[in-house]
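Chemist: Based on the sequences and whatever the hints tell you, model everything.
There are 2 protein chains.
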Amino acid sequence: MKQKILILGAGRAATALIDYLLNEAAKNDWFVTVADFDEELAKEKVGHSGNGRAVQLNISNTKKRRELIQEADIVVSLLPVNLHYLVVKDCLTYKKHIVTASYLSQEMYGLDREARKAAIVMVGEMGLDPGIDHMSAMEKIDALRADNCKIIAFRSYTGGLVSKENLADNPWNYKFTWNPRNVVLAGQGTAQYISEGKYKYIPYNRVFQRLDEIRVDGIGKLEAYVNRDSLLYKTLYHLEDIPTLIRYTLRYPGYCRAWNALVKLGWTDDTYPIIDSELMTYRELLESYLRGVFKQYPAGYNLRNHLADFLRIDRSDPVIEKLEWLGIFEKTPIEVKNASPAVILQNLLQKKWKLQPDDKDLIVMQHQFDYEKNGKQFRLSSTMKMYGEDSVHTAMSKLVGLPIGIFVKLTLQDQLKLRGVHIPVIPEIYTPVLAELSELGVRFEDKVQELKAE
Amino acid sequence: MKQKILILGAGRAATALIDYLLNEAAKNDWFVTVADFDEELAKEKVGHSGNGRAVQLNISNTKKRRELIQEADIVVSLLPVNLHYLVVKDCLTYKKHIVTASYLSQEMYGLDREARKAAIVMVGEMGLDPGIDHMSAMEKIDALRADNCKIIAFRSYTGGLVSKENLADNPWNYKFTWNPRNVVLAGQGTAQYISEGKYKYIPYNRVFQRLDEIRVDGIGKLEAYVNRDSLLYKTLYHLEDIPTLIRYTLRYPGYCRAWNALVKLGWTDDTYPIIDSELMTYRELLESYLRGVFKQYPAGYNLRNHLADFLRIDRSDPVIEKLEWLGIFEKTPIEVKNASPAVILQNLLQKKWKLQPDDKDLIVMQHQFDYEKNGKQFRLSSTMKMYGEDSVHTAMSKLVGLPIGIFVKLTLQDQLKLRGVHIPVIPEIYTPVLAELSELGVRFEDKVQELKAE
Chain A
0 MKQKILILGA GRAATALIDY LLNEAAKNDW FVTVADFDEE LAKEKVGHSG NGRAVQLNIS
60 NTKKRRELIQ EADIVVSLLP VNLHYLVVKD CLTYKKHIVT ASYLSQEMYG LDREARKAAI
120 VMVGEMGLDP GIDHMSAMEK IDALRADNCK IIAFRSYTGG LVSKENLADN PWNYKFTWNP
180 RNVVLAGQGT AQYISEGKYK YIPYNRVFQR LDEIRVDGIG KLEAYVNRDS LLYKTLYHLE
240 DIPTLIRYTL RYPGYCRAWN ALVKLGWTDD TYPIIDSELM TYRELLESYL RGVFKQYPAG
300 YNLRNHLADF LRIDRSDPVI EKLEWLGIFE KTPIEVKNAS PAVILQNLLQ KKWKLQPDDK
360 DLIVMQHQFD YEKNGKQFRL SSTMKMYGED SVHTAMSKLV GLPIGIFVKL TLQDQLKLRG
420 VHIPVIPEIY TPVLAELSEL GVRFEDKVQE LKAE
Chain B
0 MKQKILILGA GRAATALIDY LLNEAAKNDW FVTVADFDEE LAKEKVGHSG NGRAVQLNIS
60 NTKKRRELIQ EADIVVSLLP VNLHYLVVKD CLTYKKHIVT ASYLSQEMYG LDREARKAAI
120 VMVGEMGLDP GIDHMSAMEK IDALRADNCK IIAFRSYTGG LVSKENLADN PWNYKFTWNP
180 RNVVLAGQGT AQYISEGKYK YIPYNRVFQR LDEIRVDGIG KLEAYVNRDS LLYKTLYHLE
240 DIPTLIRYTL RYPGYCRAWN ALVKLGWTDD TYPIIDSELM TYRELLESYL RGVFKQYPAG
300 YNLRNHLADF LRIDRSDPVI EKLEWLGIFE KTPIEVKNAS PAVILQNLLQ KKWKLQPDDK
360 DLIVMQHQFD YEKNGKQFRL SSTMKMYGED SVHTAMSKLV GLPIGIFVKL TLQDQLKLRG
420 VHIPVIPEIY TPVLAELSEL GVRFEDKVQE LKAE
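Chain order of the listed sequences is A and B.
Numbered according to numbering that gives the first Met the number 0, the first sequence spans residues 0 to 453.
Numbered according to numbering that gives the first Met the number 0, the second sequence spans residues 0 to 453.
To be clear, the hints were calculated from the coordinates, so they are not data collected in a lab.
A few of these clues could be false.
[What the hints assert, rightly or not] As a list, the in silico DSSO-like pairs of lysine-lysine whose alpha-carbon atoms are at most 27 Å apart: (1) K197/A to K336/B; (2) K197/B to K263/A; (3) K263/B to K197/A; (4) K197/B to K336/A; (5) K336/A to K233/B.
[Claimed, not checked] Simulated restraints on C-beta separations: (6) S315/A to E444/B: 48 to 56 Å; (7) P317/A to D275/B: 53 to 61 Å; (8) R378/A to Y300/B: 23 to 31 Å.
Beta carbons: idealized from backbone N, C-alpha and C, even for Gly.
Modeler: This is the structure:
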């Protein structure tokens, strides 16, 4: 009987996955069903392939959802995190494998025994970040250990950027390629990491000030701010005794300083609504956060200078240029109703930081491992970068979709016989998946240098 | 039949209230029951009065609680806010008046009809702040309106301080006289106020930087930071069209700048635990928030200077002296387990900012009303200040307890025939209560000056 794949969700992240699996379906005589609330979107992605079909699905329609899952051999869920659990429960009931790109919850981990009993595999964190980051890091960690190296530091950097050529008139050097809301709220909560055996904390008011940097061949210098969640990776990667462990997000230089101005201003706060925001302009909103703005402006008054003084930066600081480019000094209506500052800002940024049809996104990932071997210290840097083709065929879509697609293929071909609940930190998964990713052009370049004592 | 008063809670805020009501009980042939979980505490407060008794009460003991409430004619609840509702429900059932010093919830306001039907009065916000602030402000507002004045600005300042003579060796010029947790978390969320017809917002990272000041006779200059909740008072005080409305908290000069250093450091965050905090010293905690602290300190290394650089302040800034005085550079164990930074800080401050037995607390309240009359602009400043006698007979306890006590007396004497749910913003309450407060030494001094156009 023909094996069947069900893909739930046909959005931006699904493009490369659907292409890959339709292509594999043709070779292996499989059949792919792509279900989305937006049937047209699903049809567009399936195209004229004879090995797939598009169906309309409202995920809360239990009957139809279960029918589709029952027909399938393996399910890929690209649904929002909060909807996964519905699908997961159905997959357990009907004994279907399931793969997702989302973080696994404790609830999901708790289903391991049930999944083994049902003889199915449930894999999460199988996309890019989380996903490729796990696999590429664990491959190195396991190899270093096998080589009797003692890992003394692990730093990991990931950024979703845009090709420089598409940023000519964008002083932020940034456009949205991932979830805009996550970008606006990034860094809230407290960043936690370990440095030389000590826990370190960076409160939100300092995250975008406390920067590190890396250099990437062909791209140059990138700045890095610390992620909030580094500590989790101690257990996940079995690095319980590592003295230094830190995860970063990458941006082109200058971004964080300007973003920090928006943080200081209070515009990333999502906890209270701006009263009558729909009646205000961006300029008026800005004035609401500045002190002593005049009813009648005196001669020579300049809101840009006022803001620079408020931020305690030079009036000619490039931060002001970036803020001006966003239009926050303009009498443009905000339009969104009783919205939080964060929602208003996101709305503005979605206009300014919109990926244009021909824009190429750029994903950069670098792991740095410091280790000791034979009494000497070394640093292994392992770097992957990938450009998208355009705003539909993005690097992000490839890097999220391909590992999932490969995992689906290996499972249907019975090359991967894993059962239970997993994330791809184990060689059974990362070895074959990374091997095929490499064939598809997703390659990490390694460099080793000796670290001399200061 | 003898009228009976039930007071729930015999803590610090209850002292003056119990004294006042025992005294009135003697004059009026009433009887006062003071119930507390800590029977000894209740006994201590009742003393040898023949007009009162102390009883032990666990408030979640429904049977005993209801027995006590049934016996009473009026109930005063000084319980923590979350326990009020239990008592309120019982008071409705048994048709007993109830008075509290806490903020009224929407839930409480919703009981107005039921309270009227039961022919009882339920009064909240009857202490100092909220309480005396409402009464003293509304008295002026109603008087100004009756005098055909147009109020164009209302600024209100309140501070719980300590007499200067008790602060000789305390560079912060502050000790805890109110709830320590509220002091540590003060300013979180976003301060909102209205200035010249515009809504203004101050994010937490700026609250302790954006200071105003007032001068009080006999005390001198005080600094004022903005409260988060000014907007609520528009409706509460019927000031819907007022162009400027702002509420402040008062401190001695220099406090806010130093407190802001703790905010910047991230030590007022209550959202995450410090791992293994019980194994750390304050110095180690501090190092966890600083960058690049050395395993082995180089010659000449100085953590104070490091912190000053981190805070971007001068190394001789008095802020550093204040922080040093708290002991944050010392290798003293933190002791509290897996605690948030805010809890650790509170624990430290409770040792350093402890009110000594003979210390006199000081309450300052000032309202400023700007108004127009006959084409001219004036400012009315109305100021109250009160010193405590010692750490038991505090000004705070008097100013919280006396208005409640007076309200109880007026109700039992049938001078106040109010029914339903109220806060003291109406003349029926504030006129007689303020009159008696004045006899008891709680007086506002008024000053009017003309405001000249700039």
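Chemist: If a hint holds in the structure, say so; if it doesn't, say that too.
Modeler: Hints and how they fare:
no., hint, verdict
1, K197/A to K336/B, "17 Å, holds"
2, K197/B to K263/A, "20 Å, holds"
3, K263/B to K197/A, "20 Å, holds"
4, K197/B to K336/A, "17 Å, holds"
5, K336/A to K233/B, "22 Å, holds"
6, S315/A to E444/B: 48 to 56 Å, "50 Å, holds"
7, P317/A to D275/B: 53 to 61 Å, "42 Å, violated"
8, R378/A to Y300/B: 23 to 31 Å, "26 Å, holds"
Of the hints listed earlier, the one the structure fails to meet is number 7.
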